[in-house]
Amino acid sequence: MKKNGFSLSELAEEAGIPARTVRFYISRGLLPGPVGAGRGAKYGAAHLERLREILRLQEEGLTLAEIGVRGEKAVPQELPEPEPWWSYAIADGVEVRVSSDQAPWRMRQIRRALTELASQLQEPGEREEQED
Amino acid sequence: MTVAQIEATGRFTAVSGKTGEELELAMQRLWLTGQVTPLGARLLVEHTFESAERQPVEAIYSFVLPREAALKSFRVQGEGFEMTSDLREVEAAVQEYERGIDNGSLAVLARQYVDGMMNLNVGNLRPGEPVRVVLEILAGVERHDEGFRFRFPFTLAPAYHRKAQAVSLPDGGEMELPREEFGDLMLPVWKDNARGLHAVGFDLELVGGQGLTEVISPSHALKVGGEGEGRRVGLAVAGDVPDRDLVLEARSAEAWQLAWSWEGAVSALLGSTRFGEPEEETPRKVVFVLDRSGSMSGSPIKQAKKAIEAGIAALRPEDRFSIVAFDNEVEALSSELFDASKKSRIRAQTFLSRIHSCGGTELAAGVEAAARLIAPEGGDLLLLTDGQVFGTPPILETARQAGARIHALGIGSASQDRFLSQLGSQTGGQCRFLTARERVDLALLDMFASVSGPVASAVRVEVEGTTLPARDVYPAQPLLVRGEAAGKQLQVSWAEGSFTVPVVEAPKALGATLNLLAGAAEIADLESRIEGEPEGDEAEQLTALSRKYGLASRVMALVAVVEREGDKPGELPQTRVVPVGMPQDLEREAYFGAAIQSIGGVLHAIDADMAMEPMVEQRMASFAPPERVRAYGPAPPIRRFWDRFRGKDVVVETEEETEEDVLVELASELEADGGMPGKTPEERIEASLEALERFLDSGSTRSRGPFRHHVRRLLDFVSEADLNEDQQDRLTVLEERAAD
Numbered sequence: 001m002k003k004n005g006f007s008l009s010e011l012a013e014e015a016g017i018p019a020r021t022v023r024f025y026i027s028r029g030l031l032p033g034p035v036g037a038g039r040g041a042k043y044g045a046a047h048l049e050r051l052r053e054i055l056r057l058q059e060e061g062l063t064l065a066e067i068g069v070r071g072e073k074a075v076p077q078e079l080p081e082p083e084p085w086w087s088y089a090i091a092d093g094v095e096v097r098v099s100s101d102q103a104p105w106r107m108r109q110i111r112r113a114l115t116e117l118a119s120q121l122q123e124p125g126e127r128e129e130q131e132d
Numbered sequence: 001m002t003v004a005q006i007e008a009t010g011r012f013t014a015v016s017g018k019t020g021e022e023l024e025l026a027m028q029r030l031w032l033t034g035q036v037t038p039l040g041a042r043l044l045v046e047h048t049f050e051s052a053e054r055q056p057v058e059a060i061y062s063f064v065l066p067r068e069a070a071l072k073s074f075r076v077q078g079e080g081f082e083m084t085s086d087l088r089e090v091e092a093a094v095q096e097y098e099r100g101i102d103n104g105s106l107a108v109l110a111r112q113y114v115d116g117m118m119n120l121n122v123g124n125l126r127p128g129e130p131v132r133v134v135l136e137i138l139a140g141v142e143r144h145d146e147g148f149r150f151r152f153p154f155t156l157a158p159a160y161h162r163k164a165q166a167v168s169l170p171d172g173g174e175m176e177l178p179r180e181e182f183g184d185l186m187l188p189v190w191k192d193n194a195r196g197l198h199a200v201g202f203d204l205e206l207v208g209g210q211g212l213t214e215v216i217s218p219s220h221a222l223k224v225g226g227e228g229e230g231r232r233v234g235l236a237v238a239g240d241v242p243d244r245d246l247v248l249e250a251r252s253a254e255a256w257q258l259a260w261s262w263e264g265a266v267s268a269l270l271g272s273t274r275f276g277e278p279e280e281e282t283p284r285k286v287v288f289v290l291d292r293s294g295s296m297s298g299s300p301i302k303q304a305k306k307a308i309e310a311g312i313a314a315l316r317p318e319d320r321f322s323i324v325a326f327d328n329e330v331e332a333l334s335s336e337l338f339d340a341s342k343k344s345r346i347r348a349q350t351f352l353s354r355i356h357s358c359g360g361t362e363l364a365a366g367v368e369a370a371a372r373l374i375a376p377e378g379g380d381l382l383l384l385t386d387g388q389v390f391g392t393p394p395i396l397e398t399a400r401q402a403g404a405r406i407h408a409l410g411i412g413s414a415s416q417d418r419f420l421s422q423l424g425s426q427t428g429g430q431c432r433f434l435t436a437r438e439r440v441d442l443a444l445l446d447m448f449a450s451v452s453g454p455v456a457s458a459v460r461v462e463v464e465g466t467t468l469p470a471r472d473v474y475p476a477q478p479l480l481v482r483g484e485a486a487g488k489q490l491q492v493s494w495a496e497g498s499f500t501v502p503v504v505e506a507p508k509a510l511g512a513t514l515n516l517l518a519g520a521a522e523i524a525d526l527e528s529r530i531e532g533e534p535e536g537d538e539a540e541q542l543t544a545l546s547r548k549y550g551l552a553s554r555v556m557a558l559v560a561v562v563e564r565e566g567d568k569p570g571e572l573p574q575t576r577v578v579p580v581g582m583p584q585d586l587e588r589e590a591y592f593g594a595a596i597q598s599i600g601g602v603l604h605a606i607d608a609d610m611a612m613e614p615m616v617e618q619r620m621a622s623f624a625p626p627e628r629v630r631a632y633g634p635a636p637p638i639r640r641f642w643d644r645f646r647g648k649d650v651v652v653e654t655e656e657e658t659e660e661d662v663l664v665e666l667a668s669e670l671e672a673d674g675g676m677p678g679k680t681p682e683e684r685i686e687a688s689l690e691a692l693e694r695f696l697d698s699g700s701t702r703s704r705g706p707f708r709h710h711v712r713r714l715l716d717f718v719s720e721a722d723l724n725e726d727q728q729d730r731l732t733v734l735e736e737r738a739a740d
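Going down the list, the protein sequences come from chains A and B.
Residue 28 in our numbering sits at position 28 of the first sequence, with consecutive numbering throughout.
Residue 509 in our numbering sits at position 509 of the second sequence, with consecutive numbering throughout.
Think of the hints as simulated: they come from the structure by calculation, not from any bench.
Bear in mind that the values here come from a model prediction, so they are computed numbers and not experimental data.
By construction, the Cβ of each residue, glycine as well, lies at the ideal position given by its N, Cα and C atoms.
Among the hints, a few may not be true.
Here's a subset of chain A near chain B, in silico, CB distances under 10 Å, partners left out [claimed, not checked]: (1) N4; (2) G5; (3) L8; (4) I17; (5) P18; (6) R20; (7) A37; (8) A45; (9) E49; (10) L55; (11) Q58; (12) T63; (13) L64; (14) A65.
Which bits of chain A does chain B cover? Going by a derived footprint, with three or more residues having C-beta under 8 Å, they are [said to hold, decoys possible]: (15) 106–112; (16) 115–121.
In silico lysine to aspartate or glutamate, DMTMM-like type, Cα no more than 20 Å apart, as pairs [claimed, not checked]: (17) K42/A with D102/B; (18) K302/B with E660/B; (19) K163/B with E66/A; (20) K163/B with E146/B; (21) K302/B with E571/B; (22) K342/B with E318/B; (23) K42/A with E571/B; (24) K163/B with E531/B; (25) K302/B with D585/B; (26) K163/B with E180/B; (27) K568/B with D102/B; (28) K163/B with E95/A; (29) K548/B with D585/B; (30) K163/B with E60/A.
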């Protein structure tokens, strides 16, 4: 998959079906429409996954009508607005994510707690070394 | 205002924001014009599109090509533009179409699939933008000795396929076909009620080439103008609904004797009666093959059963017969052919009385079983079917291998005319297609009566020294000759005789049509022999034919892209498959089940999510009834119809009985020796003379009409009987009348 998603024809090619069929599935509500509009309209990995799922279900003998009933929750129709998050790698294999949308006093409180947590999570070896 | 809303069916439909009612569809109107001749038709089919939706639409109209038909081109017209299609290899055409769609342009693609099924795609139709697409189609007609029948599909019938899935909708049904065999073909949604769908109509010119006596239609109300060799035929009302084929029947004053020339080519049509009568000597081997699938239920199967009984009654002692009935399963009257004795007739009647229609249409299995009965020398199969099957090339292959002449009698308001005509032509048999409102029994009897050896063999057709390819001539099948030749006279000769026909120079437009018709027939024939996607040699041959005639096929499609001002690249059109009406006379239960319809009203009222749940699935497997109803009781007593003539034992029928019903029933009572039944020889002679009179009154003679075999057999019986003077006199009169 390209960095910013597929065009309709790329998506169709990837799934191995004609573009016309993809449009038909979108119009039937089996597959969500693209993200963005016009030339910038893109389809993502979720679209491809759903398309493959439709084809698989058809192989299994389901009709499009049935697939439509099943696929209600498949992919949200439109992506939600992005939200910024802070990421703290506080120990090997441990990462804590904190919404950046915090009051400054709250942020300080969280950082203090995380520092404490980070020291608790230090490798046992490291801690023993320190204690020695 | 318009909004798109999900109905209980899960489909998007355009509805009015004000009234909540479904809006008019993407395709508003289909109008058929053009010229129809006994050799075929050149048609212009105008499709008018206009969408009431707020976003651009990709409208897909699916239809089936008539017999021996191919697409030549289309014109797309709108406000400020007009463009003609290009003929391209399918892949290139699809790419061009997709590029057009992607650029926001108006893109039109006409692409053909298996069975002559077509998708006409009109992409990026803007809101409220009127667009007309006029398709030019070359199509064959059903040729009779003294006339022709033209059939144009205004709807595509749902049909049987082992792997198809049918879904019942509150107001109709939809069907899905396996991708590996049908590619991305889109079928229409079938609506129980065709009102509110696009309007259909026609205005056609009929060219007889020789005097036409009448033009009638068993399907539509006509207004007919003109006289002599041509007619102008239109729909008597302003518009009709797409729930049945258009069927026109033109009758000529006499058997065809027509030869047209143009630019070094000749096309001729010669009625079989021009070659005399068939020899009567050869014993016949006939198997009646009866389609008892669900879609045949009602009057078609009832009439077919009666007709078979009457056909068996006309068999001579030396003839052999059997009956095979099929749906998903095949059942045969016997494991070998029966003679036409009284005993076998009663067994046949019992067999027929047990037949009920239900289940799928495994036509190939029925044909195979019937062919086994007449192997190895071969014989004739009389197939009664609606032909409603998808994926016909393998069936045709089975039929060609069967070594039997297949005479197909198709029944239905929406046809598989293309398939059944191929079944006939590729096995040397004949094919007729009736609407369900016409009498199946009389047509079958007529077809049965013409099953015999050739009227003329080793036929030679020459135009001033050039020999044209010709086949043996069989009764009721006019000889069609096409080839490159020039001259003023067509010489026809065969073992027993000869005649000449003047060659008339065809007007220029007609000449070009005749050439294209030959191409369309060639393409349709080759395509019917290709199973799956055309590949290798087959694809090459087809491409060569397409290029030679400039006609579309499964490997060549028609495409046009119109760039308009204000095209918005990348805009995604909403796909709208144009619905058609469920063919009139076809019971929806045959394909889509009935369960949901009765609660259709409720479904609309409840929450859409809840309504999704009870969607009823009717898979093809469920075509088979839970248990076949079998009545193993004794055969019904043969009704003594001749008693009727004397006012005795008149059976009160629940339905009103017509004169034809009586005749068919009478015909089915003929005994093995050719006479009518009776308690004493005297009674039998009297009844036979009366029956003869009835058949002659109905217009049948020794050589004409559906009862011609019955007439001959009765005459033979009576002339060999011990007659009194009065009876002898009556016989003399009847013999004269029968001599035609």
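In rising order, the numbers of the hints this structure does not comply with: Failing hints, ascending: 1, 2, 8, 9, 15, 16, 20, 21, 28, 29.
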